[in-house]
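Taking the hints into account, I'd like the entire structure generated from these sequences.
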Amino acid sequence: MAEITIRLNGTDVPLSVDPRTSLLDLLRERLGLTGTKKGCDHGQCGACTVLIDGRRANACLALAVAQDGADVTTVEGLTSAGHPPDGENEALHPLQAAFIERDAFQCGYCTPGQLCSAAGMLAERGPSAVTADLTADPALVPEEIRERMSGNLCRCGAYVNIVAAIGDVAGSGARAGDGVRATERAGAGSGRGAP
Amino acid sequence: MRTFTYDRASDVAAAVAGFAPGTMYLGGGTNLVDLMRLGVAEPERLVDVSKLPLRDVEADGEGLLIGSAVRNADLAAHPLVRERYPMLARAVLTGASGQVRNMATVGGNLLQRTRCSYFQDVTKACNKRSPGSGCPAIEGDHRNLAIFGHSTPQQAPQCVATHPSDMAVALAALDAQVRVAGPEGERVIAMPGLHRLPGTEPDRDTVLRPGELITAVRLPAPPPGASAYRKVRERASFAFALVSVAAALDVSDYGAVQGVRLALGGVAHAPWRARRAEEALLGQQADDDQFRRAADAELAHARPLPGNRYKVALARNLIVAVLRELMPR
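Protein sequence lines correspond, in order, to chains A and B.
Under our numbering, the first sequence has 29 at position 29, and the numbering climbs by one with no breaks.
Under our numbering, the second sequence has 315 at position 315, and the numbering climbs by one with no breaks.
Just so you know, these hints were derived from the structure itself, not from any lab.
There are no misleading hints in this set.
Lysine to aspartate or glutamate pairs mimicking DMTMM-like chemistry, simulated, CA-CA at most 25 Å apart: (1) K51/B <-> D12/A; (2) K51/B <-> D18/A; (3) K38/A <-> D25/A; (4) K51/B <-> E3/A; (5) K51/B <-> D53/A; (6) K38/A <-> E42/B; (7) K38/A <-> D121/B; (8) K124/B <-> D41/A.
Here it is as structure tokens:
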């Protein structure tokens, strides 16, 4: 067993972990945070996506023991980390509100991963594989959102509405990296409280 | 998963000094952790090298020095890579997903293992995983596997795996140098020489010696002219290459090819630098006829299997299409 401390949704959590434990299993089996889902357990489906130090990552491929000192945000922490609440429902992150508004799911199993992935994605700068001009930060048009979200599968095929919901939050004319402030607050920044 | 111990390396010297048989270096873990879960990799000890101070991308004279712990996402987003090495930025961006690129390191990308389905299934024979056990892919599912370099007229294939990295294909075309530190000191390996062909030792993916750790990749000045990376796969995103092409083309004012780089991905056990095609094209008129002739010069040496003959035509068409795209306008 190894002794580690993870900052989890804004709170330092000291833990003793078996080196074989994935971050995903730690969250679900030990810490009761079952919002993060296990889909393929091979990094191919994105259901386990969380933010590690503010960046989206597959929790199934991350060894818990390697996360000592890391700042981890799960779907349970998307709202509690100081993001300005949505106007109509203060308990929701704007992405969550947009997913409801756009009916961006059927069964909902992939949704926590989609939400964390989208939060991380909106903070990322730079081009994607479909960006024509590599030197520019491209507008987050639907084609860009689809490419940037390709690490999250939805077996129900709710992609059309997922892209629309993320597009609503990105805002028309938003460019890659524009979401950086919002996600710093929503994500790893944690513990700083509401602005 | 078999039990193992975990240590975070404090510096390169400590990481290398602590190496013993059974030790593996851990980067982002996106391939290694999966292989451990599958029972394909069974290290006794992991030394985490992802936090080492090898995390910068910086200008180095005419070239670029890339630390081996730089995340794939950070490499592709770096202004100098985007401006000066668009082929590399594009190659990295076509690999994996946003999440995986955030985790995966440059060193780990180079050292990732083949995705051959037999290699990843411990219930199957595999000469790469278990030398001497056989290669079911040769008679079985090899649709996505190698057409180059798996055999010689004297030696039947023992392994038809492909190297899965996109980034490595661009590095091969860019004449990158891989810097390694090991128990016997430091050395530099010129791409595509890091990866080896399977021969009679398909269990060895690279020329690295036990304990050697990749510390950096150095790029020389970008090749003159235009460059591109193009990847053909079974879906539009988050899939490995069936065939990919990294290409740079420099055409004189008179329409002659005065510089060309070509490397192929998805076709061999290593990134495949298409030197026969380059030689055939250099000094020739830059037009479709010569592009086809150059592609054929390379593909005449392909040894496709019954299920992956399509890759020969695909590679040929892709080489011609990418070179055409790189013509000055």
